[in-house]
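Asker: Here are the chains, one letter per residue:
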Amino acid sequence: MKASHTMKNRASPFASLLPALLVIGVLVLVPALGPSNRTLSLAISAGINIVALYGLAVLFGQTGILSMGHAALVGVGAYVAAILARDAGIGFWVALPLGSLLAAVAAAIVGVPSLRVSGHHFVIMTFAFGQLLAIVLTNGGDFTGAATGLDLQLPVTWFGRDAGELVPYYFIVVAFVAISAIASWAIINSSYGRTLRAIRENEKLAASLGINVGRHKIGAFVVSGLFAGVSGVLLAYFFRHISPNQFSSFPSIYLALMVMIGGARLLLGPIAGGILVSFLPEMLNLDPVESRILYGVCLIAVILLLPNGLIAGLLQGLQAIVKAAFGSRAETPAAGANNASGARR
Amino acid sequence: MNAILEIRGLRKQFGGVTALSGVDLSIDEGEILGVVGPNGSGKTTLFNVVTGVYKPTAGAVTWHGRDITGLVAHEVSGAGIAHTFQQAMAFPGLPVFENVQIACEHARKSARPYPWTTPDALLDFVGLSELAHERAGILPFGSLRLLGIALALATRPSLILLDEPAAGLNDRETQTLVGLVKQFPQHGISVCVIDHDMKLMQMLCRRLVVLDFGSKIADGLIHDVLNDPKVLEVYLGGVL
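One line per chain: the protein sequences are C and F, in this order.
Residue numbers for the first sequence follow the numbering used here, so the first one is 7 and each next one is one higher.
Residue numbers for the second sequence follow the numbering used here, so the first one is 2 and each next one is one higher.
Careful: at least some of the hints might be erroneous.
Said to hold, decoys possible - To give a feel for the contact side, a few chain C residues facing chain F, derived at Cβ under 7 Å: (1) 193; (2) 197; (3) 199; (4) 207; (5) 214.
To be verified - Each computed BS3-like pair below joins lysine-lysine, with the alpha-carbon atoms no more than 27 Å apart: (6) F:231 - C:210; (7) F:200 - F:110; (8) C:210 - F:56.
The set of hints was computed from the structure by calculation and includes no laboratory data.
Here a beta-carbon is modelled for each residue, glycine too, at the ideal position from N, C-alpha and C.
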């Protein structure tokens, strides 16, 4: 019995990474199918969002804290990239770690006062800070380019060649999606991830076991800022022009929506949420107003019907079908899947 | 007797309500102390002030000669005082094994040898090994209480405060619990238990403290306290 505990706890983490890596493997093959430029552009912006979503997954999925101002942290990364390029001639690869770091610092500055309150109050605080950043950027004069925003002219190169074209940039973004997924997976399966889950499940009990709850909540917010910063630099170098309204309340709500629709606790959640929310309006041929209405309806439907997100809902549905089709014989594998998903969380 | 925890003149006021009005209490090394009192007498407030959930209005708590008044919850745990909760005893969404694993990973460093330092050893001790991979939220109440005990033990305490540990348990489960708690002093863990259940107190404790309206009205050997007319008056409403 004891041996089997250890076995199970060592074997399951890799099993949870595999589906995400398989999906990313499929995504790598997409350019070979000859997609249109429009499709590829959408895929790139979906990927950029997914990087930020993996940070939100740590914050919301593991720690149970929802940020409604997350686009502001993405904005910090994007503006760091644009300002570094304009004033110091610093390019893509150096801007990535710097943008990530500064977004994390911004998260710490917002997190220290905000995380003194919890629940809905924190959500409102993050929303307010998100709006604040948009106002600061709009009134930042020449330094932030005011309401017009900033242009970014430096090329993206890799291995000495230009990588600013759609296809090479797509590969760069997919690589960062993979890195984010693996980083998020490593956090989830570490002692640190377990500590965050303890806080999500029962703050009072966590504190009584010696966990410094406040410090770890701020820590989780800072970690999610690291992801958001990377996402921001990728975004700035993709759109080549950034302006304050890209990082205000609507983009923040979209990010929260994506992570909820996909499911914040499973590793496939951010990928599913990012792709669905980016491609659905396109596939259904909706204009921006209609798509906002659709998002609203989707959000309500997901919260009511699939509180753990689409992927968790699909898995549950599959289990139910298997159970119905094979009767009692299928109960053992279904219970096994339950355990596996428990360990993954 | 060697007191490890000393509480002097502890007061706690919530607005106009006085929950504790100057309580003195000491817990000796290796003893199992019982604290009883009617509802609202301040038992749980006493625990909450000692464990850092509330800050006291006045008074001092001394732990091994060190002033720990006003420390926050995770610092109290780090000092070696563990406690269990009446409600919400575990992390419901996580597997039982992971519950205990988290507690073990945050255990304080202690020079004293503990017989249970791994999740497996703790689950074995409280008899939950078979349920290690179930989600804690689906456990029956009795098992949940035992899991709460395992989590508190995992922090490597030298004092455990048990808040109504037998509430909601049947006789057999209560016997199991008593069997476990009685082993704590052999391993250098003193115990303070609050409960209404006099049968439980008689099984566990030698010394009993009675609280009423935030004050201590009796403190002594359990037999003497239970025959004190003052205690009979407040606790049994004077009917006996």
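Asker: Evaluate each hint against the coordinates.
Answerer: Okay, the hints, checked on the actual structure:
no. : hint          : result
1   : 193           : violated, 15 Å
2   : 197           : holds, 5 Å
3   : 199           : violated, 10 Å
4   : 207           : holds, 4 Å
5   : 214           : holds, 6 Å
6   : F:231 - C:210 : violated, 36 Å
7   : F:200 - F:110 : violated, 36 Å
8   : C:210 - F:56  : holds, 15 Å
The structure fails to meet hints 1, 3, 6 and 7 from the earlier list, while all remaining hints are met.
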